[in-house]
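The listed protein sequences correspond, in order, to chains A and B. Letter by letter, the first sequence follows residues 368 to 651 of this note's numbering. Letter by letter, the second sequence follows residues 207 to 549 of this note's numbering.
Keep in mind that the hints were calculated from the coordinates and are not lab data. Small disclaimer: the values here were computed from a predicted structure and weren't measured. No residue lacks a Cβ here, since even glycine has one placed at the ideal position from N, Cα and C. Misleading hints may appear alongside valid ones.
To be verified - What follows is a set of in silico ranges between Cβ atoms, one per label pair, in the way DEER data are often shown:
#: 1; chain 1: B; residue 1: Ala241; chain 2: A; residue 2: Phe642; range: 44 to 54 Å
#: 2; chain 1: B; residue 1: Ser465; chain 2: A; residue 2: Gly603; range: 29 to 39 Å
#: 3; chain 1: A; residue 1: Gly400; chain 2: B; residue 2: Glu229; range: 29 to 39 Å
#: 4; chain 1: A; residue 1: Gly603; chain 2: B; residue 2: Phe461; range: 45 to 55 Å
#: 5; chain 1: B; residue 1: Ser505; chain 2: A; residue 2: Ser373; range: 40 to 50 Å
#: 6; chain 1: B; residue 1: Tyr307; chain 2: A; residue 2: Asn538; range: 27 to 37 Å
Stated by the list, open to error - Chain B stretches covered by chain A per the calculated footprint, using a threshold of three residues with CB under 8 Å from any CB of chain A:
#: 7; region: 326–339
#: 8; region: 351–359
#: 9; region: 422–432
#: 10; region: 441–454
Said to hold, decoys possible - Residues from chain A shown here face chain B by an in silico Cβ test under 10 Å; the list is partial:
#: 11; residue: Tyr454
#: 12; residue: Pro457
#: 13; residue: Leu462
#: 14; residue: Gly466
#: 15; residue: Thr472
#: 16; residue: Glu473
#: 17; residue: Lys476
#: 18; residue: Pro491
#: 19; residue: Lys554
#: 20; residue: Val587
#: 21; residue: Phe591
#: 22; residue: Phe622
#: 23; residue: Gln625
#: 24; residue: Val626
#: 25; residue: Pro644
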Amino acid sequence: MSLVISVVLDSALITFILALAALGLAIIFGMIGVINMGHGAMLTLGAYLTWWTTSAGIPFVLAVLIAAGIVGVIGLAFEHFIIRHFYDNPYETLLITWGFFLVTTELIKIIFGTDLRNVSNPLPHAINLGIIELPAYRSLIALFSLLLIATMGMLLYRTSIGIKIRALMQNREMASLLGLNVGAMYKLVFVTGSFLAGLAGALISPMLSVDPYIGNIFLVRSFFAVIVGGLGQILGGTVVGSFLIGGSETIFALFSTQVFSQTIVFALAIIVLRFRPSGIVTTR
Amino acid sequence: MNPIRLQARFGLFFVKRTVLISENGLAVLAFAVLAVLPLLLSGYVIYVLPQYMLFGMMAMSLSLLWGFAGILSFGQAAFFSLGAYTMGLAMRASMPVNPAYVALLLSLVIGAGIATVVGYFLFSAGVRDAYFVIVTLALSIIVEQITVSQSEITGGWNGMFINRMALTFGNLGRFDLSQDAAIYYVVLPAALLSYVTLRWLTLAKFGKVLIGIRENEERMVSLGFNPTFYKTIAFALSGAIACFAGALYGTHANFVAPSLGGVLFSTEVVVWVAIAGRSSLLASLLGGIVVSSLSNYLSAITPRYWQLVEGLIFVAVIVYFKGGAASALSRFRTAQADGTQHE
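This is chain A alone, in the form it adopts within the complex (with noise of 0.2 Å):
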């Protein structure tokens, strides 16, 4: 009974914790059509920078904004400067942002050099649930997690920024010509996943131990989340999709190794993809 419980509670925080890893490239993906393949290292990027921060004696909730912030202001430059010239074509961006993941990769490992990095966590204890333990700061960041997609939920589906943000998603030229300003949104979205890839890799940074190449297995992770989930659906389907690729691989583990599970769980998505090319959970 207890496993049961703990590998449901178990799942539950993976699901959390890699929907927060995948909702900038989800929002980025689906709002404007751009594969952020430089969503991994910008991942990275806020967990060195939380590491950099924290290490200077900065409090660790602080540290953590700033670092989301200044990814977030590097997103904004490299939309400004390269990507917003090549919305038209979905290929070049998916090779630019590709770019951009090595350049930043390169530029950590000279800024921040090579060696494994740890951030000390800020509450290493555990919650004691009487039949099961539950790593504190995990489950607050689940939560957390939880919290910032029903935000998203809340912005996209009762303000009026998320009412033009859906008109752009459903035809863009139409939006354009009703008067939004097509440019200023794209604009917005892609700063706003940058921030939020950076807040996840800050956060997610005292979980494991930060190299030059975290934000990789996130990255694909990440894609098959959003992509099993559904396109569609960009909040449900980024729980639903991080549950199958998570949650999968927390069961999968129990059996084997945990190598080989994520093998398994590639392998699965690969065949999700080609039978329902548009995910699992798909508009109305």
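We have chain A already, so just place chain B on it with the hints.
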């Protein structure tokens, strides 16, 4: 200006010029230079050049896929690595025949087989563009992780040592390839053969259909072509060549490790091909050779900055010169030819 019309107008002078600067002419020149190099040089250059030629073969396999069929793969190194492991495992097994021959044959079968299964599975459902890129990215992660985790077979992180192959001719004898120049003259014909095959295929109807699919898949369907079939064949061919090159690489380098199939090496190939010019097989081959040898050389001098510079060049190529060096060169040539005409 069309070179053929120029030839007609300007006679012999332009015939000579266009022969010299046409892709076939350049290919003859490039392979001739590669063929005589071991007679002029020796040592490290001759040792390492075959490895770069094999990288060049992998780059050509990507060029067929990306430049002609418009399918970008982030997983070519996965095939390359599979080939190297095939060679490694075959060389360890005791066989009545030359294990290297078996491995080379198997690498073609494995590369083509996996690519056919994966390709048909995905192309038939209309998985394309970015989605296909993600799948191939996952493919190289899967191969890397399998080679890491199956350490009893593959040696895990430590990698696997592979003996240098020998040529055997039945009862006629055995030719040892431990000399650098000897294996050089085995790899070079392999590169030449795959270039000629691919060049011939891309000039034939097959290549025209691939270009048609790249430009407008729906139109090719209405013209009666089956894009799934052609894309699967192209992917199978590129998988087979990359896997075959990997098998030769394994026995040449005497070593294979999981990182050979990883995401970073897979995308490194994309960078070479993008910089060299994705729609030219020769440019991709030479790009594979030049960029990889340059990055080996420069990363010895400035390991910290070279990869950064390479990344910046890659972005600049995508942003400013879509066709890479090859198309920049041909545009320059066309401009020059136009200039001559106006004189």
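Tested hints:
no.	hint	verdict
1	B:Ala241 to A:Phe642: 44 to 54 Å	holds (50 Å)
2	B:Ser465 to A:Gly603: 29 to 39 Å	holds (38 Å)
3	A:Gly400 to B:Glu229: 29 to 39 Å	holds (36 Å)
4	A:Gly603 to B:Phe461: 45 to 55 Å	holds (48 Å)
5	B:Ser505 to A:Ser373: 40 to 50 Å	holds (46 Å)
6	B:Tyr307 to A:Asn538: 27 to 37 Å	violated (60 Å)
7	326–339	holds (count 9)
8	351–359	holds (count 4)
9	422–432	violated (count 0)
10	441–454	violated (count 0)
11	Tyr454	violated (14 Å)
12	Pro457	holds (6 Å)
13	Leu462	holds (5 Å)
14	Gly466	holds (4 Å)
15	Thr472	holds (8 Å)
16	Glu473	holds (4 Å)
17	Lys476	holds (7 Å)
18	Pro491	violated (30 Å)
19	Lys554	violated (18 Å)
20	Val587	holds (6 Å)
21	Phe591	holds (7 Å)
22	Phe622	violated (14 Å)
23	Gln625	holds (9 Å)
24	Val626	holds (4 Å)
25	Pro644	holds (6 Å)
Of the numbered hints listed earlier, those contradicted by the structure are 6, 9, 10, 11, 18, 19, 22.
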